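Asks: As you go down the protein sequences, you meet chains A and B in turn.
The numbering used here applies: residue 1150 is where the first sequence begins, and numbers increase by one.
The numbering used here applies: residue 2 is where the second sequence begins, and numbers increase by one.
Just so you know, the hints here were simulated from the structure itself, not pulled from any lab data.
Quick caveat: nothing in here was measured; it's all calculated off a predicted structure.
Where is the CB? At the ideal position from N, CA and C, for every residue including glycine.
There may be inaccurate statements among the hints.
[Said to hold, decoys possible] Using 30 Å as the maximum straight-line C-alpha spacing, the simulated DSSO-like pairs for lysine-lysine come out as follows:
| id | chain 1 | residue 1 | chain 2 | residue 2 |
| --- | --- | --- | --- | --- |
| 1 | B | Lys16 | A | Lys1268 |
| 2 | A | Lys1282 | B | Lys12 |
| 3 | A | Lys1263 | B | Lys129 |
| 4 | B | Lys12 | B | Lys83 |
| 5 | A | Lys1232 | B | Lys354 |
| 6 | B | Lys63 | A | Lys1263 |
| 7 | B | Lys360 | A | Lys1156 |
| 8 | A | Lys1305 | B | Lys83 |
| 9 | A | Lys1229 | A | Lys1268 |
| 10 | B | Lys360 | A | Lys1232 |
| 11 | B | Lys5 | A | Lys1305 |
| 12 | A | Lys1232 | B | Lys83 |
| 13 | A | Lys1263 | B | Lys16 |
| 14 | A | Lys1229 | B | Lys12 |
| 15 | A | Lys1232 | B | Lys12 |
| 16 | A | Lys1263 | A | Lys1305 |
| 17 | A | Lys1282 | A | Lys1305 |
| 18 | A | Lys1232 | B | Lys209 |
| 19 | B | Lys5 | A | Lys1229 |
| 20 | A | Lys1263 | B | Lys12 |
| 21 | A | Lys1156 | A | Lys1268 |
| 22 | A | Lys1229 | B | Lys354 |
| 23 | B | Lys354 | B | Lys209 |
| 24 | B | Lys16 | A | Lys1282 |
| 25 | A | Lys1305 | B | Lys129 |
| 26 | A | Lys1229 | A | Lys1362 |
| 27 | B | Lys129 | B | Lys63 |
| 28 | A | Lys1232 | A | Lys1268 |
| 29 | B | Lys63 | B | Lys79 |
| 30 | B | Lys360 | B | Lys12 |
| 31 | A | Lys1268 | B | Lys12 |
| 32 | A | Lys1360 | B | Lys360 |
| 33 | B | Lys209 | A | Lys1282 |
| 34 | A | Lys1282 | B | Lys5 |
| 35 | B | Lys360 | A | Lys1362 |
| 36 | B | Lys360 | A | Lys1229 |
[Unchecked claim] Examples of chain A residues lying across from chain B (beta carbon under 10 Å, computed):
| id | residue |
| --- | --- |
| 37 | Leu1247 |
| 38 | Gly1250 |
| 39 | Glu1251 |
| 40 | Leu1255 |
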Amino acid sequence: MSIIKVKNLVKTYRLPEKIEGSFNAVDGVSFSIERGEIYGILGPNGAGKTTTLEMLEGLNDIDAGAAYIDGLSVMDEPYKVKKIIGVQLQANEYFDGLTLGELIILFGNLYQVKVIPDKLLERVNLLDKLHAKPADLSGGQNQRFSIACALVNDPKILFLDEPTTGLDPQAKRNLWNLVLELNRSEMTIVLTTHNMEEAETLCHRIGIMDKGKLIAEDTPQNLITQYASDPPAAPLHGNIEDVFLALTGHGLRD
Amino acid sequence: MFSKIQFHLAKVFLKIFLRDRQSIIFSLFFPFVFMGAFSFTGGEVNPFNIGLVNNSTSIVAKNFSELISSDSLFNVTKGNEKDLRSGLINGEQSAVIIIPKDFQLNSISGDLRLLLDKSQIRQLRSIKESLGQSLLSIERELRGVEPMFVLQTEDVKARSLRYVDFLLPGILAFMIMNLSIAGSGYNIVEYRRRGILKRLFVTPIQPKDFIISIVLARLLIVIMQISVTLSFAIFFIDVKILGSFLSLYIMIILGSSIFLCLGFCLGSIAKTQESVRAVGGLVTFPQLFLSGVFFPISSMPEIIQPIIHILPLTVVVRGMRGIANDGLSFADMNIVLIGIVAWLVISFVLATKLFVWKKVAN
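In isolation and in its complexed conformation, chain B is listed as follows (with noise of 0.2 Å):
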């Protein structure tokens, strides 16, 4: 299928590639860092420490107790009130929760006091909120009494999404179209500048050859890259992957294929290395935004809404979102595949009619 000539081709531009240690890191560098610092917001709220003294022997007391320390919102450490006073002040406890002596239901001289710290006004909602939450239930308990009202929560995807598992696939799909463009277009540029095209021009190869070269080198580079940051997201973020690799993997094949072919385009058109970075940029920065990155397209403006459902970062943003979010095959994803299989068409039809050897090498 593949000529020699194609292979040896191949092997040297990923040589080269590979010897480019800086452009590999700062490749990297962009992903790493996003999924690094995203991976710590949206996740589980980080409980309150609260410390509880009891000083009661009820029943009530016990089972308020209880309550309160199986609350995943609170992080209780029991003990007497001296001390925790002091944590409060030190700031290791947010709250301390004191049961007088008496605690009994409608006693009273039963109220619980809430030992706090003004300055978290952040928390004080939330504890005080939970707090009464806690001795609604409780009360309810001890009387028999059924809760009228009950909030039942569910997620209709049944699985429990961070935002870090919203964002890989779109970081992943953005990688794909950078390093595609730069592999095929800036490269191009780069090589006609420098007179290269020119020195293969002259010797018998053939443009597909060398075509077809630059699309298989890359192609393995794209994979190594994205195989490198999905490993990076599985083993340290704890990233889920719903789908099939297989599925992953050759989305991530497609989509290389039309950002290379759009390249080549790129590179036909730009007549400099200025140029080619800014008609690249024009390219890919606004889809940066628009094509669902970072943010599901919904909350786009309707206006433009269509549009960005064309681009073809969302396509394969949507695509690679479907697989990894929710283990969706490409059997699933009819829009996808027709945006896929149109973009490739119309990408390769340009590229071949754009990039003419002739002219591109002079």
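Here chain A stands alone, though its shape is the one from the complex (with noise of 0.2 Å):
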């Protein structure tokens, strides 16, 4: 049963450089995401990843279309929506001065729910942290931090912007393991990436965007299939990458 119901969903932004005109930057998007699916939107820059996860979360307005987050409309009743989704935004900056212990207190208070910071912020490998301030983190640290915030109401649905941009290999690979550990609880998990193997690695579905349109969508198996069908010449070795991380260790560094 799907959990995620997106109609022809439609962002219009005026241009800024001229009076008359305007670009949609979502432009009639529909995809459906099932429960306890891990769906990720791909896409370059600019492509309408975060305006259409924007709408969905509430934070944007619909121009046109419709969306449904476990058959509540997000137009007709977003505090309802609000209650049951976890939101990890891009930018994740907090109210200085407090810890991360209080911090998720806070946002507990903001659901009215009660929460207990140890177990929150063990689930994300960061008890030791419990005392720290968000300033003292490191970007991988901050990116769990901010995924534990988005779990203080038990969501059904995650919703996470671009989680590993920015992070090192090792804290990339970490954040692979939290997300399909989130996920075998059942969670409902949307994330937006222009990482290609982040996409590979994770997702069971992925909806390609481009120019605010969906252009494809289906599991990355068949995507492959479907649009990279001649294998490649066998590689005769890894990337880059596997470089790295054979050089600097699968270890987290922070």
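Work from the hints to combine the two standalone chains into their complex.
Replies: Here it is, written out as structure tokens:
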């Protein structure tokens, strides 16, 4: 059963340089996501991935079309939707002067649920940072912490916007493991990325966006068969990332 | 009345503020320095140190000596001529008066001698004048003549108002404005820039919860800061608050509410930290000079006085001053009350119109 249904979603922006004239950042996108699925929205910068996600999260108005999350209309019942989703944004800064533990409690209060910061931080492998402040975290830790914040309400759906952008390979792989682990408990996860490898490793299905339109959608394997059926010459070796990992190890560096 | 979430968020804002020691100190620095500096001026004139050598045993000499000693303008040291003369030379005394041995009324040889350090020109006149006055009253007394004119000074408000007493309510009002506008306006722009508002917006928190908690926290912060400043003024500078503290604090809360709402307006209009500071400065800076914080509004050019009177800070300053300096209650200040209510309504309506969650967060 689909937990997310999106029909002909449109987001129109006015062109800043012209008084008349506008363009659709998201231009008639439709897809549905099954319960327990990891769905990846793939595309270059400016393809409309983040805007699509923001419309589902209630951050951006839906100019045309409709979106339903767990049977709730995002347009009509935004607050009910917000209660059942967890969101990690691209920019994840927090109030100064608060520790991770205090921030988790704050987010719990925003959802009016009781949370135990220790347990949640342990889930993202940050228990030792309970009394640290976000400013003291590394990039990977920061991403894991923002996922912890998104988990306070035990969401049915988790939205991750470019979760691994800017992370070193170790932190990236560590985050992939976290995503897979969360998904094992039947959590539906929607993520955007422009990392092909990430999409292939994590996602059950991928939607490829370009210029505001969804141009392809399928499982990674089917997409490869359909669009890149000619197998490339068997690689004689791994890529340079494998070299990097072989030399620097898989252990986390934070 | 307030929900749990509002209380919790207000507590968080308070905690954030209390952990930011630097801004606490900076926000107290200005009022403390100003009041401290002005507490030393505008009060009583320091008395002059005067030496008195009495070589006479006559009644007239005794009278004169007593009159001079009781004059608050002088701090009289009695002694012999030699010691006092050297005191005059090394600066301990401003002048030395010598009463000759044969000091008698109408006696030609009975001239008083005044030893002076002529470099102290500034004091010369007032010393001479005061001595002349003393001599005149002695003369009148001895001759049994009543003075023809008596000049009595009387303060219409029957209290002794030093400049620092006048200044304090103005400084407090200015603090209220700054702390409130910074608390809502500057903070909102900062939270938006860093994506914090956006992050809050994807949680089920309602905009009114966010606004109410900021207002609650800021009111407490303003009350704390004002109380520290007020205690300093009362206990160390001996400033007197004539009205009731309840009225004063109600005025503080009303004033803060106005400026918090105006801050929300600023924070909603201004998109960047630079622009909110520029616009904020445009709003606060002229009011600092125009709204009677430092000088009475009547000393401002008459052309702009009508405008000055409707500025929000003017209204708050007048209210604070009415309570602190004149001991008025709200019932005595109809015009101030009308101004406060008008500004509350205007700023609240504007703030709710301009602060749209989705627009402000994005």
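Asks: Compare the structure with each hint and give your call.
Replies: Checked hints:
1. B:Lys16 x A:Lys1268: Distance ~24 Å between B:Lys16 and A:Lys1268 Cα, so the pair holds.
2. A:Lys1282 x B:Lys12: Since the Cα atoms of A:Lys1282 and B:Lys12 sit roughly 18 Å apart, the hinted pair holds (cutoff 30 Å).
3. A:Lys1263 x B:Lys129: violated, 82 Å
4. B:Lys12 x B:Lys83: violated, 72 Å
5. A:Lys1232 x B:Lys354: holds, 26 Å
6. B:Lys63 x A:Lys1263: violated, 87 Å
7. B:Lys360 x A:Lys1156: holds, 25 Å
8. A:Lys1305 x B:Lys83: Violated, because 100 Å separates the two Cα atoms, which is more than 30 Å.
9. A:Lys1229 x A:Lys1268: Measuring from Cα to Cα gives roughly 26 Å; hence the hint holds.
10. B:Lys360 x A:Lys1232: The given pair, whose Cα atoms are some 21 Å apart, holds under the 30 Å limit.
11. B:Lys5 x A:Lys1305: holds, 25 Å
12. A:Lys1232 x B:Lys83: violated, 94 Å
13. A:Lys1263 x B:Lys16: Holds - the C-alpha atoms of B:Lys16 and A:Lys1263 are around 20 Å apart, at most 30 Å.
14. A:Lys1229 x B:Lys12: This hinted pair holds, its Cα atoms lying about 26 Å apart.
15. A:Lys1232 x B:Lys12: Answer holds: A:Lys1232 to B:Lys12 is near 23 Å, not above 30 Å.
16. A:Lys1263 x A:Lys1305: holds, 17 Å
17. A:Lys1282 x A:Lys1305: holds, 28 Å
18. A:Lys1232 x B:Lys209: Status holds; Cα separation ~17 Å.
19. B:Lys5 x A:Lys1229: Answer holds: B:Lys5 to A:Lys1229 is near 19 Å, not above 30 Å.
20. A:Lys1263 x B:Lys12: Distance of about 17 Å is within 30 Å: holds.
21. A:Lys1156 x A:Lys1268: violated, 38 Å
22. A:Lys1229 x B:Lys354: holds, 25 Å
23. B:Lys354 x B:Lys209: holds, 12 Å
24. B:Lys16 x A:Lys1282: holds, 14 Å
25. A:Lys1305 x B:Lys129: violated, 93 Å
26. A:Lys1229 x A:Lys1362: holds, 28 Å
27. B:Lys129 x B:Lys63: holds, 19 Å
28. A:Lys1232 x A:Lys1268: holds, 20 Å
29. B:Lys63 x B:Lys79: holds, 12 Å
30. B:Lys360 x B:Lys12: holds, 26 Å
31. A:Lys1268 x B:Lys12: Cα-Cα ~23 Å, so holds.
32. A:Lys1360 x B:Lys360: With a Cα-Cα distance of about 24 Å, the restraint between A:Lys1360 and B:Lys360 holds, given a limit of 30 Å.
33. B:Lys209 x A:Lys1282: Since the Cα atoms of B:Lys209 and A:Lys1282 sit roughly 28 Å apart, the hinted pair holds (cutoff 30 Å).
34. A:Lys1282 x B:Lys5: Roughly 25 Å separates the two Cα atoms, so the pair holds.
35. B:Lys360 x A:Lys1362: holds, 25 Å
36. B:Lys360 x A:Lys1229: With a Cα-Cα distance of about 20 Å, the restraint between B:Lys360 and A:Lys1229 holds, given a limit of 30 Å.
37. Leu1247: holds, 7 Å
38. Gly1250: With Cβ-Cβ at 13 Å, over 10 Å, it is violated.
39. Glu1251: holds, 8 Å
40. Leu1255: Holds: closest Cβ of chain B sits about 5 Å from A:Leu1255, inside 10 Å.
The structure is inconsistent with the numbered hints 3, 4, 6, 8, 12, 21, 25 and 38, although it conforms to all the rest.
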